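Could you put the whole structure together from the sequences, leaning on the hints where they help?
Each chain, written out:
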Amino acid sequence: MSAIPSFTRRTFVGGLVIAVALPACKQSPKSSGELKFFEPNAWLHIGTDNSITFLCDRAEMGQGVYTSLTMLVAEELGVSLDRIKVEFAPPGDEFINNLIGGQITGGSTSVRDGWEKLRKAGATARHLLVSAAADEWGVDARSCKVSNGVILSPQFKKLTFGEVAEAAAKLPVPRDVPLKPAAQFTMIGKPQRRKDTPSKVDGSAVFGIDVKLPGMLYAALAQPPALGGSVKTFNDEKARAMPGVVGVVLTSSGVAVAADSWWRALKARDALTIEWDAGPNGALTDAKIAQVLRKGAAGPGRVARNDGDAAAAIRNAARVVRADYELPLLAHATLEPQNCTADVRADGADIYVPTQVQQIAHATAAKASGLDPKVVKIHTTFLGGGFGRRLEVDFIPAAVEVSRALKKPVKLVWTREDDMTHDAYRPPAFDQATGAFDAKGNLIAWNLHLTGPSITARMFPSVTEKMVDPFAVEAAANYPYDVPNVHVDFQQQEIGIDVGYWRSVSHALNCFVAESFMDELAVATKKNSYEFRKALLQKHPRFLKVLDLVVKESRFGYPQRGYFHGLAVMEGYGTYMAQVAEIALATGPDAGKIKVRRVYCAADCGQQVNPDTVIAQIESSVIFGLSALMWGEINIQNGRVKQTNFDDYRVARMTDAPRIDSYVIESGEAPGGIGEPATALVAPAVCNAIYTATGRRIRSLPLSRHRLA
Amino acid sequence: MTKLNVNGNAVEVDVDPETPLLWVLRDTLGLTGTKFGCGMALCGACTVHLEGQPVRSCQIPVSSVGDKPVTTIEGLSKDRSHPVQKAWIEHDVPQCGYCQSGQIMSASALLEAKPRPSDADIDAAMAGNICRCGTYQRIRSAIRRAAEIKAGAA
Chain A
1 MSAIPSFTRR TFVGGLVIAV ALPACKQSPK SSGELKFFEP NAWLHIGTDN SITFLCDRAE
61 MGQGVYTSLT MLVAEELGVS LDRIKVEFAP PGDEFINNLI GGQITGGSTS VRDGWEKLRK
121 AGATARHLLV SAAADEWGVD ARSCKVSNGV ILSPQFKKLT FGEVAEAAAK LPVPRDVPLK
181 PAAQFTMIGK PQRRKDTPSK VDGSAVFGID VKLPGMLYAA LAQPPALGGS VKTFNDEKAR
241 AMPGVVGVVL TSSGVAVAAD SWWRALKARD ALTIEWDAGP NGALTDAKIA QVLRKGAAGP
301 GRVARNDGDA AAAIRNAARV VRADYELPLL AHATLEPQNC TADVRADGAD IYVPTQVQQI
361 AHATAAKASG LDPKVVKIHT TFLGGGFGRR LEVDFIPAAV EVSRALKKPV KLVWTREDDM
421 THDAYRPPAF DQATGAFDAK GNLIAWNLHL TGPSITARMF PSVTEKMVDP FAVEAAANYP
481 YDVPNVHVDF QQQEIGIDVG YWRSVSHALN CFVAESFMDE LAVATKKNSY EFRKALLQKH
541 PRFLKVLDLV VKESRFGYPQ RGYFHGLAVM EGYGTYMAQV AEIALATGPD AGKIKVRRVY
601 CAADCGQQVN PDTVIAQIES SVIFGLSALM WGEINIQNGR VKQTNFDDYR VARMTDAPRI
661 DSYVIESGEA PGGIGEPATA LVAPAVCNAI YTATGRRIRS LPLSRHRLA
Chain B
1 MTKLNVNGNA VEVDVDPETP LLWVLRDTLG LTGTKFGCGM ALCGACTVHL EGQPVRSCQI
61 PVSSVGDKPV TTIEGLSKDR SHPVQKAWIE HDVPQCGYCQ SGQIMSASAL LEAKPRPSDA
121 DIDAAMAGNI CRCGTYQRIR SAIRRAAEIK AGAA
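In order, the protein sequence lines correspond to chains A and B. First residue of the first sequence: 1, per this note's numbering; consecutive thereafter. First residue of the second sequence: 1, per this note's numbering; consecutive thereafter.
Honestly, the hints are just simulated from the structure, not real lab data. From a predicted model like this one, the values you see are computed outputs, not experimental measurements. Incorrect hints may have been included.
[Said to hold, decoys possible] List of simulated lysine-lysine pairs, DSSO-like, C-alpha gap at most 30 angstroms: (1) K86/B / K85/A; (2) K212/A / K78/B; (3) K595/A / K114/B.
Here it is, written out as structure tokens:
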């Protein structure tokens, strides 16, 4: 899964324009020996050998696009999924994600972006193939049918796609081929087996770390221990003398050792003597970061939402409730450590990399190679987890530079410790919430003043030049409750280190605050947290449906003895969601801790493509959110990250995993994103349950910092 | 030269004796189904069978393996026909898939030892395998299903 933002209608790239014209229609069949290909658009290659290849222009990092995007094409093309071979698309403007403005996998956008254009790609190809067959038969194309890649004439003559591919390539490409109405879908909305599962149960799926090229060297990298540091001097005498070592290269990211095996490269790396310049963060600690945020919060931020006059309403209110919330830095910790394989030659380069950003990876690799970008090729592998980590390209230059220096293909692999200590971490937050009631106890004002560093200011500075960072305020600006005065602002306060997009991005930060504080307001007015929300959501039928459904299914408020419930709701990525967490207080040696026994999640993500993947993504997101809630924190000492591996950066294991019950509503609305939103609701739902259980309000995470009983 | 028995094949490798088995499998023998995740036996991505027992290959110097048979994901079956692989496919367990070789090796060893594992058995056997995609619920169901398949139920 993923993370980068659902750039909303208000943001750049000219708004939410689904590509209507299909790019890159090549008319002459491309030949490779006897075999020729019909390429009606950028995504489909249909061979005269009857092969069908779909170029998947999004990275597969677990979220299932390898299957779901293929389904969009297959539905309209009229073939079963197993007839289509999937390859990952190279970088190219034709593959730009129209919801983001670059070839980017993130923001739970893949299905939403592909929804129309990929179906259209399939429909156009089918139209041309059928037309070619009809021409050959001398019949009306409208009288022909397609059955799993075979075109049938009214007289029951048959031609395969391959047989008419060459003729189809000569026909003019129509602009507007009609798409099937939803009622005629035979594949979309019906559970399909994932196309990548077989290769993921026999070890044959190729991740970045598995790439092997002839004559390839393996490299390990020593990076500055302090974030933002650099190499002052180094001595590689001992390392160079070690067996198998081929070269030591000072790269833009640190000192790399290349050897004939990665293990040897690693041993030699550890034998380097390096004097580091700690850089600007040499004295940075997480306590200082917290201080900087609190101080930064004093200023007014950029406004993300302003309904009515919240300040005046609060001033004149009968009752005002305030609370401050804090969130720590978090690592992504993809299970596949960062890696890149580069083969830089005098005449070109091939880069094999698990990336969520093919175009940025391309530009980065081309720059590091010193070659003309035209001769640099990016090959995307399967990603061993993304979660936003692979929107960064920090692991690419060193691999390219080592290959360039040693004139050999090089696979550079980070250790887990390298990965944990050199991430672009989820931003910390210091957020101040205020709610105000009138004399009758009606909620009349809601104010959220958010403070934290901006990811977008670093990644896409042109966006934040003009407006508040949209990816700092996602689940704050979209505050759904019917309150007359709402004010949300974001005070950008940099902290000296890079922060990055992390699954569900600011939804997770904002939703923790907003939905915890909504619970505080319910408690303050002695209202049931479900009734309190429901009364303020009357204008949102999609919210009401998921809320009522999850309350009914979980028997919210009436758990079994010894268990406690908490509730949270959110809209994100066009998906409406409500969660109930069911927790128990631990006893014995774990006293003071909680166990999340069960999570109920109701979702309305509009039209589903692969329903089983929708459920899988809810389950996945809940576990991801749970890890962060329970134990996730990155601490900084002298500019260095303290956590190094899964012993001190704990993540959920089988023994921690709650039962997750997902309820997905068939609403018939446009598809919403599903790779991320459920991540954001776990923390508030569980913390609200903790309040029910203990009367303690949790306003900072992770829970491991708190003794709860 | 170090002699090994991997997936039923006798092989000889020319590597430093302290090299972890993981890297011999991956880089020397090209068996990249076994993954590197942490290098400290914390995540289970490198799990293989050594004499049928699940072990973390990142912690086993190749020199200590001797003639004990090593089985990797590539050797579990030739055609994804092992009950655990079948169940994994039926339940579409993998997401990113990176941890799944290790999960499958742990689960298959569990079923050898306990053909009808309880929830507690599953917890104990699988707690060493991290899945960042959070496929635990499906892993649990797929292990139960694999037990059925193994017992002969279709």
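Against the structure, the hints come out as follows:
Of the pairs offered as hints, the one joining K86/B and K85/A holds, with about 22 angstroms between alpha carbons and a cut-off of 30 angstroms not exceeded. A threshold of 30 angstroms between alpha carbons decides the hint, and for K212/A with K78/B the separation of about 22 angstroms falls inside it, so the pair holds. Proposed proximity of K595/A and K114/B is supported: the alpha carbons are some 27 angstroms apart, at most 30 angstroms.
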